[in-house]
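**Q** The primary structure of each chain is shown beneath.
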Amino acid sequence: MTKISLTVDGDQVSDDVEPRMLLVQYLREKLGKTGTVIGCDTSNCGACTVHLNGTSVKSCNVLAVQADGGEVTTIEGLSTNGQLHKVQEAFRECHGLQCGFCTPGMIMQSVDLLNENPSPSEEEIRLGLEGNLCRCTGYHNIVRAVQHAAGSTS
Amino acid sequence: MTAVQDAPAAEIGRDRRRKEDERLITGRTRWTDNLTLPGMLHLAMVRSPFAHARITGIDKSEAEQSPNVVAVLTGADLGEGQGVNINAWPITPDQVAPVHVPMPTDRVAFAGETVAVVVARSAAAARDAAELVDVDYEELPAALELKAAAADEVLAHPDLGTNKSAYWVFDSAEAGTGGNVEEAIEKARSDGIVIEREYRQQRLIPAFMEPRSVVVDPTGEQITMWSATQIPHILRFALAATTGVPESKIRVIAPDVGGGFGGKLQTTPEEFIAWAVARRLGKPVKYTETRSESLVTAHHGRDQWQKLTLSAEKDGTVTGFKVELLADLGAYVAIVGGGVPVLGAFMFNSIYKFPAYHFACQTVLTNKAWTDAYRGAGRPEATYGIERMMDELAVEVGVDPLEIREKNWIKHEEFPFTTVAGLEYDSGNYEAATARAKEMFGYDELRDEQKQRRDSGDPVQLGIGISTFTEMCGLAPSRVLGTLDYGAGGWEHANIRMTATGKVEVVTGTSAHGQGHETAFSQIVADRLGVPFEDVEVLHGDTQVSARGLDTYGSRSLVVGGEAIVLAADKVIEKARPIAAHLLEASVDDLEFTNGTFTVRGTDQGMAIGEIATAVFAAHNLPDGVEPTLDSDAAYDPVNFSFPHGTHLCAMEVDTETGAVKMRKYVACDDIGNIINPLIVSGQVHGGLVQGIAQALWEEAVYDDSGTLVSGSFVDYLLPTAADTITFDIDHTTSPSTTNTLGTKGVGEAGTIASTPAVVNAVVDAVRHLGINDIQMPCTPERVWKAIQGAGGGGADSTEGAAMPHFDQAEPGQDSTEGAGS
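Chains as they are written, first to last, in this note's numbering: chain A, 1 to 154; chain B, 1 to 822.
Simulated from the structure, these hints should not be mistaken for laboratory data.
Since the structure is predicted, the reported quantities are computational estimates derived from the model, not experimental observations.
Please note: incorrect hints may appear among the correct ones.
[Stated by the list, open to error] Straight-line alpha carbon distances no greater than 27 Å define the calculated BS3-like cross-link-like pairs of lysine-lysine that follow:
id, chain 1, residue 1, chain 2, residue 2
1, A, K30, B, K283
2, B, K307, B, K147
3, B, K451, B, K665
4, B, K314, B, K451
5, A, K86, B, K19
6, B, K147, B, K786
Between the sequences and the hints, there should be enough to build the whole structure, so can you do that?
**A** Below, the structure is given as structure tokens:
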């Protein structure tokens, strides 16, 4: 067991974890942050995407111990003071989700994409979301949602 | 009592944002795998690495000693308590089907089948210990390739004596719905056109994003099962029917379910094993599959060979169509199983007026994962077959492929139309949908560009693909299902409860897993009862809340479930009417119900339905003999299927030097009758399109020579990404259904059914001048390039040969893309 301390969605947390425990397992099993989900065996689908120190990572591809001392934001910590993040709002507005299983990862990746490039072209959006699979939407309305968020003021 | 207010805007037809989304975009979700119960144990499955083998010994001792392991159980340990995975649709009386025990004791029939289950205090401990279970196998020859299996060269289940499960035939001459197809073909051979083709429907994997998960809690008076399923009601029935527990002691809950596409229309071995283990140990258990387990063992879809013969007069008027199918069932006959190709039997004639038709399907057992419904279920296969053939006919006659379709399709003034397959299409307008699609597409301009590229010898050629599809959905009239020997009915149930505060609870027997039922059904009820959209709560997916239902598949939720809700709402109004009359001191005959309020004709006095609900709750002042409730149940059995249709046009660019294909434009004009929520409909169409396009271009479940699924991860099974897909142009024409009150038609599967042939027709059209008339799906650059090189018929070399060798460290090229197989 290794002791780790980190900030998750603004809260300080500290736990003893097995060195092999993945960050996504830590979030779900230790912290009950079940908003972040697991869709594949590793790193193929992006459903588990969170932000680690301000950048998107697939939390199935990061060990919990690697997040020691870091700051993690999940889909559950994205809204502030009860206000939805503009990307969350855009996904609802543009019907960018159906079953919603890929949505946490898709939103976290979209936020990261817009942080890096506030005015992306359609192609840049599509390439930026390439690591996140969705089986319901055909991506059409997800792309619209990111465009909508890029065009709206937060 | 309130004065009459202005009519609210109609909810039906509005692009309401979804009620479901607030939770889903904030991570406040209830996926089955999110559930944790006190003392809950975790399961890991020990699975066969062999496609076909005898189990000669299972040594559990090392696993049992592993830390935090509670039990290791085999099929023999669980015995009859594990129940049976049932086939609900024996398509012929003499269908041959192996008994499907969730965990077999003596023999495994596909790679991935469970032979033992480890129960431990954590999922990690269970999985660690599963590695320690030592199973001895005696490998048996496996039936893998469909045509060879159909010839009974190797038996998938030796005790059955054959791989041939059922042979199902529809013949229009015998049914009295048309002429004799053999005569039509014979005549055409002498003075007309006969086109013969064989097409492959590759094996696909539904690949819902949420892996299947099941939690069973046996600690209450009722045993509760949470499952990532499309069919909680059918699951409860199957558990009761095969494990000896009465239905009244079983509660099945489908909480948030992350997609299904038919893939969760199954009662699975894993559900039944979890059920048996929980009952045996008396503790809550959870099993969540890994993605690779999902790809290997959750049911697959399609997998057919289609032998097609079309006869026509010289001018292109079709005189007969003959369909001979081979369909791979996999190792077991799944819950719908052989019924999937049978659903296609009524659709190969599509939108056309064929005078003679013959359909025959042989279902075949193999040692691969079982197959069942995948989005479209039978209709995509049929639509692919006919729409590819209509293009071939157009080439033969020398006319535009739209012209050959128009020559043969049912004209809009001919509805209702009884087809050669015996279905009555209630409404449609193929001319209007096609005209709109052509306009959106810029059909003539793209044809001009195609000609220019041909003439200039451009290495990048342009192809235009057409799919004028229809389908049958809204499963289904129970009487029709009865004549097809399906094991259940096709009705749906609804219950509407008026709460004391005037809110409305709508309980539906359908079970959403991403479709947006809560929003769309709220719109229907808001209009019907005249209450605010926000005041309607839709409840589903829990057999203790929704006691009766037949769940969600076959584009049935709106056209069947929605109609049950309409009936229940109307009953609420009729129950409220005498009470309103009493409270308003008026005659029932003088009351009108509009916009949610009963008014007395000729006065400004009225009473809203919510106010009546409150009065009924108090029950202080009701007419004599009136029940103190407005709550109403209704069950609806559809009188017919629903027949959406549409015209899809696709432009593909094909690089003749590399075989690379690129989608340039895709236009869909679907006629799905009246639309409840255009935003939800657009999502259904977009998502459906991409699944159909993916069959045409990317996806294939590939097995190696020993029966191992080599496309067993999302790296190997190519789900499209945002970067692979384009923005679509969609629109609608409207021919309301005449067989239901809302005038709606199903839309859940339409995009998938229509798009596959549109894409392949476009790819073939781009290179037809090079002498190519077929490219086997998926149309990978390799296959396209080989077809262009003339290296193989339609580039149809099996993908197996190109698959990377797996698990053999001695083989070169393990980490590169070179050295691609033998």
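**Q** So, for every hint listed, does it hold in this structure?
**A** Structure-based check of all given hints:
1. A/K30 / B/K283: It holds: about 21 Å lies between the C-alpha atoms, which stays within 27 Å.
2. B/K307 / B/K147: holds, 12 Å
3. B/K451 / B/K665: Between B/K451 and B/K665 the Cα gap is close to 17 Å, so the pair holds against 27 Å.
4. B/K314 / B/K451: holds, 26 Å
5. A/K86 / B/K19: The hint holds at about 18 Å.
6. B/K147 / B/K786: Holds, because 23 Å separates the two Cα atoms, which is no more than 27 Å.
Checked against the numbered hints given earlier, this structure breaks none of them.
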